[in-house]
Amino acid sequence: MHFKPSGICAIGIDFEVVDDRVYDVRFTGGCDGNHKGLAALIEGMPVQEAIDRLTGITCGPRSTSCPDQLAKALQEYSSKKAV
673 MHFKPSGICA IGIDFEVVDD RVYDVRFTGG CDGNHKGLAA LIEGMPVQEA IDRLTGITCG
733 PRSTSCPDQL AKALQEYSSK KAV
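All residue numbers for the sequence shown refer to the numbering used here, where the first residue is 673 and numbers rise by one.
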């Protein structure tokens with residue numbers, strides 16, 4: 673799935689979900705090392721657990737962050753899947 677984040681340096685987030693688990697998270701733009709670390713940490717994690725862990729994380733003075741935007745992307749995926 674592709675997600676266009678807002679309020680962060682990254683301009684795109686892509687990921688796959690297989691059997692309700694998160695795989696192959698890729699950010700376009702932003703801090704490459706941090707994004708690779710975040711992707712490695714949630715690889716294979718259940719979608720809802722990733723949402724619960726990442727929601728609300730901020731970055732400096734911003735009200736959001738790359739992890740928070742990934743949580744929003746996963747929430748969007750979950751709501752589309754439920755329809």
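It should be emphasised that the hints constitute simulated quantities derived from the structure, not laboratory data. Beta carbons: idealized from backbone N, C-alpha and C, even for Gly. Heads up, some of the hints might be wrong.
[Said to hold, decoys possible] Have a look at the derived ranges for each label pair, beta carbon to beta carbon:
id, residue 1, residue 2, range
1, K708, S751, 25 to 31 Å
2, R734, D691, 28 to 34 Å
3, G709, H674, 18 to 24 Å
4, K752, D724, 16 to 22 Å
5, E748, D691, 25 to 31 Å
6, P733, D692, 15 to 21 Å
7, G732, K753, 17 to 23 Å
8, S751, C703, 23 to 29 Å
9, D724, V690, 17 to 23 Å
10, G728, I683, 20 to 26 Å
[Claimed, not checked] Calculated lysine-lysine pairs in the DSBU-like style (CA-CA distance at most 30 Å, straight line):
id, residue 1, residue 2
11, K708, K753
12, K708, K744
13, K752, K676
14, K752, K708
15, K676, K753
16, K676, K744
17, K676, K708
Results for each hint:
{"no.": "1", "hint": "K708 with S751: 25 to 31 Å", "result": "27 Å, holds"}
{"no.": "2", "hint": "R734 with D691: 28 to 34 Å", "result": "33 Å, holds"}
{"no.": "3", "hint": "G709 with H674: 18 to 24 Å", "result": "21 Å, holds"}
{"no.": "4", "hint": "K752 with D724: 16 to 22 Å", "result": "19 Å, holds"}
{"no.": "5", "hint": "E748 with D691: 25 to 31 Å", "result": "19 Å, violated"}
{"no.": "6", "hint": "P733 with D692: 15 to 21 Å", "result": "34 Å, violated"}
{"no.": "7", "hint": "G732 with K753: 17 to 23 Å", "result": "32 Å, violated"}
{"no.": "8", "hint": "S751 with C703: 23 to 29 Å", "result": "28 Å, holds"}
{"no.": "9", "hint": "D724 with V690: 17 to 23 Å", "result": "19 Å, holds"}
{"no.": "10", "hint": "G728 with I683: 20 to 26 Å", "result": "22 Å, holds"}
{"no.": "11", "hint": "K708 with K753", "result": "26 Å, holds"}
{"no.": "12", "hint": "K708 with K744", "result": "18 Å, holds"}
{"no.": "13", "hint": "K752 with K676", "result": "15 Å, holds"}
{"no.": "14", "hint": "K752 with K708", "result": "26 Å, holds"}
{"no.": "15", "hint": "K676 with K753", "result": "18 Å, holds"}
{"no.": "16", "hint": "K676 with K744", "result": "10 Å, holds"}
{"no.": "17", "hint": "K676 with K708", "result": "18 Å, holds"}
Violated hints for the displayed structure, listed by number in ascending order: 5, 6 and 7.
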